[in-house]
Amino acid sequence: MELLYLDLIEKAVWAGIAALGFGILFNIPKKVILTVFILGFFAGIVKFVFLSIDFNVVTSTFLASLFVGITSIPFAHKVNKPIVVFSIPAIIPMIPGYYAYKTILGIRKFTFVKMDDKGHEQLLNSIFSNGFMVLFILFAITVGVSAPMLLLGKDMARKLKD
Amino acid sequence: MIDMSKEKNIRNSIDLLLDVCSLMMTSGANTKRIIDSVNRFAQVLNLKSHALISHKSIIMTLIDLETNESYTVVTQIPRHGVNYSIVSDVSRASWVAVNHQWSFEKLYNRIQEIKSQKRYPVWLELITVSLAGAGFARIFGGDYLNMLVAFIATFIGFSVSKTAHHYKANTYVRVYLASMAASLVASLGILYGIGQHPDIALATAILFLVPGVQLINSFNDLYNNHILNGIVRFVSGFIIVLAISLGMLTIMLIFKLNVLG
Numbered sequence: 095m096e097l098l099y100l101d102l103i104e105k106a107v108w109a110g111i112a113a114l115g116f117g118i119l120f121n122i123p124k125k126v127i128l129t130v131f132i133l134g135f136f137a138g139i140v141k142f143v144f145l146s147i148d149f150n151v152v153t154s155t156f157l158a159s160l161f162v163g164i165t166s167i168p169f170a171h172k173v174n175k176p177i178v179v180f181s182i183p184a185i186i187p188m189i190p191g192y193y194a195y196k197t198i199l200g201i202r203k204f205t206f207v208k209m210d211d212k213g214h215e216q217l218l219n220s221i222f223s224n225g226f227m228v229l230f231i232l233f234a235i236t237v238g239v240s241a242p243m244l245l246l247g248k249d250m251a252r253k254l255k256d
Numbered sequence: 072m073i074d075m076s077k078e079k080n081i082r083n084s085i086d087l088l089l090d091v092c093s094l095m096m097t098s099g100a101n102t103k104r105i106i107d108s109v110n111r112f113a114q115v116l117n118l119k120s121h122a123l124i125s126h127k128s129i130i131m132t133l134i135d136l137e138t139n140e141s142y143t144v145v146t147q148i149p150r151h152g153v154n155y156s157i158v159s160d161v162s163r164a165s166w167v168a169v170n171h172q173w174s175f176e177k178l179y180n181r182i183q184e185i186k187s188q189k190r191y192p193v194w195l196e197l198i199t200v201s202l203a204g205a206g207f208a209r210i211f212g213g214d215y216l217n218m219l220v221a222f223i224a225t226f227i228g229f230s231v232s233k234t235a236h237h238y239k240a241n242t243y244v245r246v247y248l249a250s251m252a253a254s255l256v257a258s259l260g261i262l263y264g265i266g267q268h269p270d271i272a273l274a275t276a277i278l279f280l281v282p283g284v285q286l287i288n289s290f291n292d293l294y295n296n297h298i299l300n301g302i303v304r305f306v307s308g309f310i311i312v313l314a315i316s317l318g319m320l321t322i323m324l325i326f327k328l329n330v331l332g
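Those protein sequences? They're chains A and B, same order as listed.
According to this note's numbering, the first sequence is numbered sequentially starting from 95.
According to this note's numbering, the second sequence is numbered sequentially starting from 72.
It is worth saying that the hints were derived from the structure and are not from the lab.
Ideal Cβ placement from N, Cα and C applies to all residues, glycine included.
Each hint should be verified, as a subset may be incorrect.
[Said to hold, decoys possible] Quick list of in silico lysine-lysine cross-link-like pairs, DSSO-like style, CA-CA up to 27 angstroms:
| hint | chain 1 | residue 1 | chain 2 | residue 2 |
| --- | --- | --- | --- | --- |
| 1 | B | Lys327 | A | Lys125 |
| 2 | A | Lys125 | B | Lys233 |
| 3 | A | Lys208 | B | Lys327 |
| 4 | B | Lys327 | A | Lys212 |
| 5 | B | Lys177 | A | Lys172 |
| 6 | B | Lys119 | B | Lys79 |
| 7 | A | Lys172 | B | Lys103 |
[Said to hold, decoys possible] Residues on chain B that point at chain A, a partial pick, calculated with CB under 7 angstroms:
| hint | residue |
| --- | --- |
| 8 | Ile148 |
| 9 | Pro149 |
| 10 | Asn154 |
| 11 | Ser159 |
| 12 | Phe211 |
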């Protein structure tokens, strides 16, 4: 059990590092580098914890992005920077790269390898399940991270003005 | 001699506001944020701005609220490259300018200052992005050897991307070449069986090319009813994803990799 927690925390640390790498790539201000790491780390924790208690990948990703969307609002207030500066690098590690890769592999095999109908059926199955997974995870990320901003949009603007 | 470009008149103002627009558009701000910021800047200068912002060009009309004089200019937007420091600083400047009623000259100087800021050094970008690639490999369940392969593959892919950018290659060609280079290194890992899940390194080595900002801005624009801009961003992001997968497919066909099942 302890080993499982360690594994979870280590993965979350790497999620934080990935968030930070993308932050540097997007040239975020120096002041927010640590914040981006922390947000990426906790987003990872939220996602992996929900995954470990048998939540669906799409749901856990949505909850983790929602978490990032909500927690970046107070951070943004504190240092007077737009929310996107923290939130987008922090959610980048959740991009469904592996599912996208499997989708492409399936398409490649479907097009270039000769096989019988049963093989084709299996491949179609894998292309569609992985492809829709990619689509829904992307959707979960974007909705989750921008919902708090959209809902609080007007209030935020008024508060920043004061 | 007085610098003519710092004098406040409607011609110089529209040049400044167009500069702000194109700066934010190339740096990866969503359309709503650009329009809000430009409106605030116009308010400070006692002008009213109306802008049509698209991916490659901007049309803007400025109306002087005192004299009712108006001016319309169409301008082209240069190449895009995400830079959140610029987005953050311009947004912030627009709020401060409203609160402190900045003069035209002060506004002009601040924008020039923001434009001349340096990015992070290339070596730092290279190392952190490669570490991010290694991190992805860990997240998707790879072991340390897979992470090493992902690190090297990302490093080489990113160098290729930077070099192509330096030679002003077409964006999609640049992504294709970078994806090919990264997959080439990662497939060596598969050929020689490095680590337990060498295919994870192949899947994660190209993730640094994924147009995350583009796709998220696309959804943001769609939600804010800038539908046309949202569609444009989505299509351009989609072509980038296609270029990534094409680069990977090319390498797989060359090496006759058969990693699925």
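Hint check results:
1. Lys327(B) x Lys125(A): Roughly 47 angstroms between the alpha carbons, so the hint for Lys327(B) and Lys125(A) is violated.
2. Lys125(A) x Lys233(B): At roughly 25 angstroms apart (the allowed maximum being 27 angstroms), Lys233(B) and Lys125(A) satisfy the hint.
3. Lys208(A) x Lys327(B): With Cα atoms ~14 angstroms apart, Lys208(A) and Lys327(B) stay inside 27 angstroms; holds.
4. Lys327(B) x Lys212(A): 22 angstroms, holds
5. Lys177(B) x Lys172(A): 25 angstroms, holds
6. Lys119(B) x Lys79(B): 15 angstroms, holds
7. Lys172(A) x Lys103(B): This hinted pair holds, its Cα atoms lying about 22 angstroms apart.
8. Ile148: With Cβ-Cβ at 18 angstroms, over 7 angstroms, it is violated.
9. Pro149: With Cβ-Cβ at 16 angstroms, over 7 angstroms, it is violated.
10. Asn154: With Cβ-Cβ at 4 angstroms, under 7 angstroms, it holds.
11. Ser159: Since the shortest Cβ distance to chain A is 5 angstroms, the answer is holds.
12. Phe211: 5 angstroms, holds
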